[in-house]
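As they're listed, the protein sequences go chains C and P.
Using the working numbering, you'd call the opening residue of the first sequence number 485 and step up by one each time.
Using the working numbering, you'd call the opening residue of the second sequence number 12 and step up by one each time.
Please keep in mind that the hints were generated in silico from the structure rather than gathered at the bench.
Backbone N, C-alpha and C define an ideal beta-carbon position, used for all residues, glycine too.
No false leads were mixed into what you were given.
To give an idea of the interface, some chain C residues facing chain P are shown, with a C-beta separation under 10 Å as derived from the structure:
#1 F573
#2 N580
#3 L682
#4 A712
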Amino acid sequence: MEGIADFFRWLNDARGINLSIFYDALDRSRFLEGLWTTVWLSLICTVLSLVIGIVGAWLQGARFGAVRGLVQGYIQFFRNTPPLVQLFFFYFAIGNQLPHVIDEHGMLVPPISNIGWAILSLSLFAGAFNIEIFRSGIEAVPRAMVEAAESLGYSRLGVFWHVLLPLAFRISLPALNNNLVNLVKTTTLAYAIAVPELLYAAAQIWSEVLNVREMMNVLLVTYVALIAVLVAGMSRWERALRIPGYNP
Amino acid sequence: MTALPVLISPRLAVQTQGGDIARGWLSGGLLIAVLTAFALSVLTADARAAIGGAGSFDVVAILLKWSPLILEGFLFNLLVSVLSMAAGTGLGLWLGLGRVSQLAWLRHAASAMIQFFRNAPRLVLLFYCMFLLPFSITLPFATVPLPDAAKAVIGLSLPVMANVAEIVRGGVQSIPVEQWESGEALAFSRSQILWMVILPQCLRRMIPPWMNLYAILTMSTPLISIVGIQDSMTLARAALVAEGRTELFIPMYLMLLSWFFLYCYPIARWTAALERRFRVRI
Chain C
485 MEGIADFFRW LNDARGINLS IFYDALDRSR FLEGLWTTVW LSLICTVLSL VIGIVGAWLQ
545 GARFGAVRGL VQGYIQFFRN TPPLVQLFFF YFAIGNQLPH VIDEHGMLVP PISNIGWAIL
605 SLSLFAGAFN IEIFRSGIEA VPRAMVEAAE SLGYSRLGVF WHVLLPLAFR ISLPALNNNL
665 VNLVKTTTLA YAIAVPELLY AAAQIWSEVL NVREMMNVLL VTYVALIAVL VAGMSRWERA
725 LRIPGYNP
Chain P
12 MTALPVLISP RLAVQTQGGD IARGWLSGGL LIAVLTAFAL SVLTADARAA IGGAGSFDVV
72 AILLKWSPLI LEGFLFNLLV SVLSMAAGTG LGLWLGLGRV SQLAWLRHAA SAMIQFFRNA
132 PRLVLLFYCM FLLPFSITLP FATVPLPDAA KAVIGLSLPV MANVAEIVRG GVQSIPVEQW
192 ESGEALAFSR SQILWMVILP QCLRRMIPPW MNLYAILTMS TPLISIVGIQ DSMTLARAAL
252 VAEGRTELFI PMYLMLLSWF FLYCYPIARW TAALERRFRV RI
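For reference, chain C alone in the conformation it holds in the complex (with noise of 0.2 Å):
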């Protein structure tokens, strides 16, 4: 571990190549926490969008069609709006109007900080997606299954969760790992709000250390190996996952 440290000092002493995150300790606790961060946004918001996306293709599913139109709206808004946007709009106009409150310490805070309104705003907007990619899924499971289930004297919500969804799952996880996999590059968007992920954690390095070139090349090897991580093991998950003999 010292001999790693020593090499990049040396690095920065003898070639100019300033990697700190390799030897100085704080620059490291910041980078990785930047980078676990990101990790686990990139996870809540994961979950958040696919009870979202669960939740709004049953309700598109509805009688009422209000409740559709309301749906439809939604994913509409959400799909073809800025994400950026949407984020600002979230933490600056609407946590602008949101009444203070005081915290443990007395002190005047909003009730939403800047990482509630980035899980909210980036799970809505990855939600909006989900929904139409589970809406699909559904569609295609034949008309037949949902009627030999009715049959069996399932309800509506059984019927969706016993049937419907389990085999939409399998038939929309590529197109669902496609959005995830856009979802975590968009986490970098919190950027905006100050919240401390692994873009906003480099350029606190960066602008203190005065390394530019040499964090930004760090970042962005480290963004595309992490997404590399994940479309591999997703791309595995989608072949252990696949229905057999059916190919679309």
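Guided by the hints, dock chain P onto chain C, whose structure is given.
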């Protein structure tokens, strides 16, 4: 064995998303809904301003006052999107042809490049280009300055390039191999077959995903405001700071959102319509 279809093919439209946005009443209804939400937020802000007693003011008048300036920024966003799309398409076409080349090294190099630029977040690529591209490029005959906006266009066009390359690859590979064989039988060279037989046929299929990509690109242009370029987002925030009233925040951002919506939603509908028209029927 069974006569019933086990599963039907999913109809996921090109939009990374897809969708049945065909219902005609919907688009009209949606636009009205957006405008109503906008109007409502304006009215509530108005009412709050009146109750607040801090001197009532007219939200609509303030928005109208600033909208020409912000509209200029919005047009700049659109200009950036068009330029990035043009650059990305030009580069991506060649990258995509490299991806389907018969030379193994070229194929692998193109594939690696596509993967890299598709996996990198747009914002990080944008930062990369803004910080690491030089202020000017020295050519043998002249020194060309590289303004920030040009760097931003380059940064935004890199992911477009990779995605266009994927579209080209998909298009070329969707053409049955018999087309290549019959071209060969007619003594066309490989490049002649590609340019005169294959590409004209896949062009139609490439248009919907290409338009979808353009819509996604347009929605990512506000990112340039983060790296310090003055666009609609920067101007909207500056206007809010100048007015200094929190009641204005919601109407102002909704106005900007609805502009993007009014520009991107018709593209999405058009894409879906083309997609239905060009669908390969088997």
